Structure formats: structure tokens, C-alpha cells
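Keeping their order, the protein sequence lines are chains V and A.
If you count by the working numbering, then the first sequence holds residues 1 to 426, one letter each, in order.
If you count by the working numbering, then the second sequence holds residues 1001 to 1457, one letter each, in order.
Calculated directly from the structure, the hints in this document are not laboratory data.
Note that the structure is a prediction, hence the values are computed from the model and not measured.
Ideal placement from N, C-alpha and C gives every residue a C-beta, glycine not left out.
Careful, some of the hints might be misleading.
[Said to hold, decoys possible] Cut-off 27 Å, straight-line C-alpha distance, at most; resulting in silico cross-link-like pairs (DSSO-like, lysine-lysine):
| # | chain 1 | residue 1 | chain 2 | residue 2 |
| --- | --- | --- | --- | --- |
| 1 | V | Lys9 | A | Lys1355 |
| 2 | V | Lys164 | V | Lys151 |
| 3 | V | Lys16 | V | Lys110 |
| 4 | V | Lys425 | V | Lys311 |
| 5 | V | Lys164 | V | Lys107 |
| 6 | V | Lys304 | A | Lys1267 |
| 7 | V | Lys25 | A | Lys1267 |
| 8 | V | Lys16 | A | Lys1030 |
| 9 | V | Lys25 | A | Lys1356 |
| 10 | V | Lys321 | A | Lys1149 |
| 11 | A | Lys1025 | V | Lys16 |
| 12 | A | Lys1025 | V | Lys321 |
| 13 | A | Lys1264 | V | Lys25 |
| 14 | A | Lys1149 | A | Lys1260 |
| 15 | V | Lys425 | A | Lys1260 |
| 16 | A | Lys1025 | V | Lys9 |
| 17 | A | Lys1036 | A | Lys1025 |
| 18 | A | Lys1264 | A | Lys1350 |
| 19 | V | Lys83 | V | Lys107 |
| 20 | V | Lys321 | V | Lys311 |
| 21 | A | Lys1149 | V | Lys25 |
| 22 | V | Lys85 | V | Lys110 |
| 23 | V | Lys7 | A | Lys1350 |
| 24 | V | Lys25 | V | Lys9 |
| 25 | V | Lys135 | V | Lys83 |
| 26 | A | Lys1149 | V | Lys425 |
| 27 | V | Lys15 | A | Lys1350 |
| 28 | V | Lys193 | V | Lys239 |
| 29 | V | Lys239 | A | Lys1450 |
| 30 | V | Lys135 | V | Lys164 |
| 31 | V | Lys304 | A | Lys1149 |
| 32 | A | Lys1107 | A | Lys1030 |
| 33 | V | Lys25 | V | Lys107 |
[Claimed, not checked] A short list of chain V residues far from chain A (calculated; beta carbon distances all over 10 Å):
| # | residue |
| --- | --- |
| 34 | Arg17 |
| 35 | Thr30 |
| 36 | Asn188 |
Listed below, chain by chain, are the residues.
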Amino acid sequence: MNNSVAKEKIISLRKKRSLEDMRFKYYGFTAMCLSLAVLVFLLYTIFSKGYTAFQKTIVLLEVDYNQEVLKLTPDSSVEEMEKGKFFRVKKQAIENFFPDLSKSDIKLVKKLFSINVDNEIKDYFLDNPEVINTKQQIWVTAHSDVDQLLKGNSRRDVPEDRRKLNDIQLSYVDQLVEEKRVKQVFNNFFFTKADSRHPEIAGVAGSFMGSLFTLFTVFILSFPIAIGASVYLEEFAPKNRITELIEVNISNLAAVPSIVFGLLGLGVLLNVFGLPRSTPLVGGSVLALMTLPTIIIACRASLKAVPPSIKEGALAVGATKTQAVFHHVVPLALPGTLTGTIIGLAQALGETAPLIMIGMIAFIPNIPTGLTEPSAALPVQIYLWVESAERGFQEKSAAAIMVILIFLFMMNAIAVFLRNRFERKW
Amino acid sequence: MFFWSLVLIAVGIFSSFIYGRSRIKLNSKKQGTKSKSLPNYYAQYVLIWCLFPALIVYFSWAIFQEQIIQNIVISKFEFIEGAVYNEGLLLAEIRNVANNPSFADGKSIEIINAASHYSSLRQISQISFYTSIIIIMLLGALYASQKLKPEFHAQHTIERYIQYILIFCSSVAIFTTIGIVFSLIFESLRFFAEVSIFEFLFSTEWYPFIPIREGQTAAEGSFGAVPIFAGTFLVMVVAMCVAAPLGLLTAIYLAEYASKRVRKTVKPLLEILAGIPTIVYGFFAFVSVAPFVKAFGQSFGIDASPTSALAAGMVMGVMIIPFISSLSDDVINSVPQSLREASLGIGANKAETIKKVILPAALPGIVGAFLLAISRAIGETMIVVVAAGTAPNLTGNPFENVTTVTVQIVVALIGDQEFDNPRTLSAFALGLVLFVITLFLNIIALQIVKRYRERYE
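The following block holds chain V by itself, in its conformation from the complex (with noise of 0.2 Å):
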């Protein structure tokens, strides 16, 4: 009687235990189901806000290359047509493109059309000088407003005075669509044109080689000091207190906080040494400082990986040390030491805080050829349009996003490639 009782509360609590035992697991299992869906959310967020904005949208507009509007005869040198009175063809098309425009309306259809509309009336006339005195049906760029209407991003349902467009304005835009007079193409501009006030004629291709040239500073200065340093620390430096300095200044600087390189940026590199400002030569010196101990941690693992009977191999037929470590022990570390570079070059590139700091936050409309000119880069790039209240750059900050993540995946990709191709298990 007793005995069974007895059985009956270890049964019980033993189903009590392996009840916590399940419910625990399960905790552990949402978890960690629950980053991933933080992940997939983020990921769905930047694609869903970011994939309009390789779109644009363009709108038919007839031109009339009139000779004596533009000041030209048919022929002209292509100087005197660079100097063509295009904004005056203009004038005249969107005063023509609806039917009996009041004055009043014409400023309202002018709303409707890019600022970028006077060069790209150009650029048709230049390509094709023949067309001068025919009229023309070219497809121009759109005004953001327009182009936010047509993908949705912006609503009609909002009082009129908190719209971008008013609905005179709308009744064009509706027009428009029903004599299929706009559509939406492939938006070019995003990848050819540098940052600019005008959200439809904005692009990456300034802030992308920014990037390109501020990591390739980075690449310079942090590559052959880190291995320089890694190899020192790995193989000569002698065990004692300096170097045990040198080990824990290593591993407290891969800690300290981005901004505070910047903050040494700007106190040293542009108040000490007055290098120019907000330029990839600054913003990589500082990138490379912030992303040397990565490198060096990377480095010494796989220099620690080459196994000694290498480099004892070397000394025993009569090399030097120098010559066991650089002809030997380095060369089979390279492929390593080139993936923790790639992987630290990957962080450099995502790094925001120390390029504000050095100032490439500023507004920089063209594209830079150099490493001391004035340039943007893709993460500041993304920070000012996110910055922004105009509602076109949103999608492009999501898109300038999608850039830079692929950007991301493509190194992480090398870098793995190369992990896999030439690493050797010894």
C-alpha cells in the first residue's frame, strides 16, 4: 500500500521533471528561433522598403528642338550646341503638355517633372543632332513626388495639405496614367550618379567608390602592419613584459568603441597632422588603425597553425630564423592571414561613426577619382538618407542597404573561398 503511494509520487514527479526537462528545451529552441526571426525580419524589411528604388518612373514628353528657341542653326559645332538654349524647350513642352494650361497650372506640371529634365532634353539633342526643328516624344525622369505616388509609398487618403502633391496635381498624375504616358523603367541613375538633393537622381556610384577607395587605405596600410606584427609577436618577439604590453594594448583596442578612433581621428590625423578633411586617405588611416587588432588576432591563429616541424625542418638544413620564418612558416599562413584581412576589411566597410567623425558626412555631389578628394561612403551614404525627411530617400537608404549587404556577402564569400581552396590540415 504504502510502497505503490510511494511509487505513485516518484512516477508523478518524475513526470514533473522531464515536463520542466521538455519545457526548458523548449525555451531554449524559441530562443533561438526567435533570433533567426529577428534576422528574416530585418532582411524582409530592407528588401520589401529598399526593391523601388531600382526603379523610376518616366514620363513621354513631346519636345520641340526648334532652332530658333534653342539659338542654334543645324550646323552648329557641338560647342554652340553644348550651349543651346535647352531650358527654353522645356519651357515650351511642359507648357504644351496638357492641353490649355493656365499660368497657375503650368507651375503645377512643372512640379511633375525631375530637375535632371533639362540635361536629359540634352542629351537626347546631342546623340541625335538631326532632330532640330521636329518635334520629339522622349521619355524624361519623373519628380520624386510622382514617382513616390505611383509605387505606393505615398498616400492619396491624407489631407491635401499634408500631401506632397495637390490634387490638381493627382488629376494629372491619374491622367497621365490612363493615356499611359508614364511607366515605370530600370533606374540607372542609382548606379551611375552620386548623392544628390533631388531624391530621383540620387545614386550610390559616389558613396560606392568611396567605399572602394576608403578600404582600399585600409587594405595598404592595416595588411603588411598586421602581418609584420603577427609575426613578430608569433615567432621573435622575446616573452617579456614589453611584449606582454603589446599583447593586452591588442586585445583592449579590438574592444574599444569605434567612435573613440574617430574622436583620435580628428584630434591627430586632421588637428595634428592636417591631413584634408572628410577625404577615403583619413577615413581609411582610421579605419585600418580600428580594424588592426582583428587582423593581427586573425593572423596569429593562422600562423600558429603552421606546425613547428616546418620551421624546424628550415633551421635544421642551415636558414636563418628570418629566412625559416619569411620563406617557410609565412607563405603557408598567407591564405589565412588574407581571410582575417578580407573579414576585418568586411567590418571597415560597415563602419559609420569614425567616417562622421572625420567629417565624410558632407554633401559630396560628384563622384571622386582619388584618395585625398573629398568623398561620401556607402554607410554615411545610408545614414544621411535615412537622415532625410524627403520620403524618396527612404527607399533608397533600404537599397543603398541591399548594396552594401551584397557588397558584405561577396567578401565573406571570398573570404571562405579562400578558407576552403588553400587551407591545409596538417
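Following the hints, complete the assembly by docking chain A onto the known chain V.
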């Protein structure tokens, strides 16, 4: 200048190498003895003596040329009595005119003169730059060639030089730390010369004041950083509330329960989460989480601000999940297998083993991981710059708008940077506080983790 001088140096070192090689062969042939080292070492010796002086000249020129020229131009510039000039603007104008003659229209005669002075100085500097590089390379090669005798141990010397280079490489980290400490302390001292350190650390009013008119002093603003520290703390607490349970439970699941296949797929995915740039998290917080938090607060009748501590903290928490989970995973894995087996052997099930044996054993390591995560959260910038506010607010309510140390550093340094203005300098004082706190947390965390490792090794 950049490109052609590099080409010049490249040509120089190439020819010095060839020269050194042929010279030592010639010399040893003349003396009829074999040289002590291989000819290549002698060539490298000449190369090093050619390259390094040239590099020193190159960098000192690159760094100081512009400053020296500007100083000369400004010192020669005839200031009109009574007029107020901003030196920086003036220089920019002179440079513009010098680089682009079409800007000269309508500029005063002084500026045009200064601009021509500027461009002539630049020309002189360029010419003397190239000549001095060539001369210094020749001198270096000449010095080295005196030593090119067969009895000279070139290899030993080269190896010694290589040692010096390596030592220099590893001391870059030290120089970086020194640079950080000095720039922070130096500018902070200038800040504390105008604002008392007690006000900065203990006062609760933060209204950095920018003197606009003459006669106003910046000291009229107040620099009490307590609301900023409080805001940083609040965001950090929210972040840890998200990251600590999720990260730790994920680590436990991965280390103790998950099959090998799950581990192999989930770990790289978490690494992706760790590799995403922080500005992307900022965008996510701004676009998705902040509106959600606002709507969530409203449904409970709380008036949430569009940039709340909660939104920034939650996203920051997500950012440090992989950090905590990978560190804790390492720690849990390094708990000896014997402890696990003993616990399971006396009849405990897995959950009991984890809770009663493994976690207590791993506790110091986990605390270390948390401290590192806290230091990461405090130093994180872009998420809070985008998703938290810029106005200081002393509050404990996570639905309200707060600001953090990093945000204030960014705010103070965006735009005009006048280094005689306490508002700009306050960034360095805040940076110093940030640096000291994160360094302190790191040292403690590393100590704890190290001791923990030693216990089980």
C-alpha cells in the same frame, strides 16, 4: 604628385637593387673572394637605404607641405586695418582662386596676389620635393655602396633591419593607444578649463550653448552630463533585457540540445546577424521598430515618442544577441565533460544538469560575456543616432526620448567644428568618459574570463 612621386620611388628602388647586385658581383670578382652573403642581400641592403629615406621625405612632405605654404601665405597677407577675417575662409578663398583662375573675378587685389603667391610656392615646393627625393635616394645608395665589400655580412644587417621593421609594426598598436589617450585628455583638459569637472559629472542640465554674438561666452551654457549618462544606461538596460535571455538561451540550446546539423546551420546565420553593419540596424529601428513601439504604447494609453529608448534598446539588443550567444557558447563548451557526466550519472535530467551544474560552473565566464556585451552596447553609435533622440532627458521611462553619450559626441561634431568652443570640446570629454568606462569593463571581463579558463585547464 601622389602618383608620379610613387613611380619615381619605384624606379629608384628598382635601379638601386640592380645596382647593388651587379656592384657586389663586380667587387668580389675584383678581390677574387666570394662574398659573405648572397648578392641579393647586398642588393636589398642598397634598396633599404634608398627606400626608407625617400619614404620619410615623402611622408613629411605630404603631411607638412600644405600647412607650411598656408602659413607663409597668411603671414605675407596684408590685412586691412579693422576688417575681421576668418583665416580658414580666407585660405579657402585663396586656394580656390589659385586652383581656378576663373574665380578671380571680383576678388580683391590682396586675394589675387596671395593666390599667385600660393601657386608659386606650391610650384617651388613641388620642384624641391622631386629634387630632394632624388638627392636623398642617391645619397642613400652612395652610403650603402661604400659597404658593398665581400667581407661585409649583408645578411646579418638585413635581418637586423627586418627585426626593427617588425618591432615598429607591432608598436603601431601602442602608438594608437597613446594617440587615443593623448588626444582625448588634451582636448578634455581644454574643455574642463572652461567647464568645471563637477558640473560636468554631477549637474543635470545639458544645454550646450553656442556663442553667436561677441561678448557672449560659452560658459553661459550648462554642461551637466547626468541626463546623458542616464539615457545611455537606460538604453543599455533595455538592450541587455533583450539580449541576455535570448542570447544565453540560444547558446544553451546550441551547446546542449541542438543536433550537429542544426548547429552547423544556425551558427553561420547568427554570424550574419553579427556582421550586419550597425547603420542597417539603425534603419531597421527607425523604419520598423520605432513605429511599432509607438503604436504599442498608444494601445496601452502611453504616449510614446517616435524616437524612444525602447526602440533603440530593443534593436541594440538584437545586435548583441550573437555576441552574447557565441561567447556563452564557448564558455559552456569549456565546462569539463566530467561535470556533465557526473550529474547525469546520479540521475539528473538535462535541464537540471544545465541549471544546477553547468550554469553555476560557467557563471564567471557568462558574467564576463555580459560585461563585454554591456561595453559594446554603451559604445554603439549608429543605432542610437538614428533611433534615439538628441535632446537630453532625465527619465526612467523607456517610452520616452533619451539621448546617449555617443549621440552627443556625433551631434557636437557634425557641422562647424570650432575648437575654441566648449560645445565641440565636450565631445572629447564625453569620449574620454566612454573610453574609460569601456576599458574598465573590458579589463574586468577579460580578467574574469581568464581566471575562469585557468580553473578548468
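Going straight from one Cα to the other, do A/Lys1025 and V/Lys16 come out at no more than 27 Å? The given pair, whose Cα atoms are some 88 Å apart, is violated under the 27 Å limit.
Is the straight-line distance between the alpha-carbon of V/Lys164 and that of V/Lys151 27 Å or less? Holds: V/Lys164 and V/Lys151 sit about 14 Å apart, inside 27 Å.
Given pair status - V/Lys110, V/Lys85, alpha carbons within 27 Å: Holds, at about 17 Å.
Between V/Lys135 and V/Lys83, does the CA-CA distance stay at or below 27 Å? 20 Å, holds
Exclusion check [V/Asn188 not at the chain A interface, CB over 10 Å]: Answer for V/Asn188: holds, closest chain A Cβ roughly 24 Å.
Hint consistency between V/Lys25 and A/Lys1356 [alpha-carbon to alpha-carbon, up to 27 Å]: Given pair V/Lys25, A/Lys1356 holds - Cα atoms ~15 Å apart, limit 27 Å.
When you check the alpha-carbon spacing of V/Lys304 and A/Lys1267, does it fall within 27 Å? Holds - the C-alpha atoms of A/Lys1267 and V/Lys304 are around 24 Å apart, at most 27 Å.
Does the alpha-carbon distance linking V/Lys135 and V/Lys164 stay inside the 27 Å limit? Violated, at about 32 Å.
Please work out if V/Lys321 and V/Lys311 have their alpha carbons no farther apart than 27 Å. 8 Å, holds
Please verify whether V/Lys25 and A/Lys1267 have alpha carbons no more than 27 Å apart. Judged against 27 Å, a Cα distance of about 18 Å means the pair holds.
If you draw a straight line from the CA of V/Lys83 to the CA of V/Lys107, is it 27 Å or shorter? 25 Å, holds
Given the hint that V/Lys9 pairs with A/Lys1355, test it: the Cα-Cα distance must not exceed 27 Å. Holds. V/Lys9 to A/Lys1355 sits at ~23 Å (cutoff 27 Å).
The structure is inconsistent with the numbered hints 3, 8, 11, 14, 16, 21, 26, 28, 30, 31, 32, 33, 34 and 35, although it conforms to all the rest.
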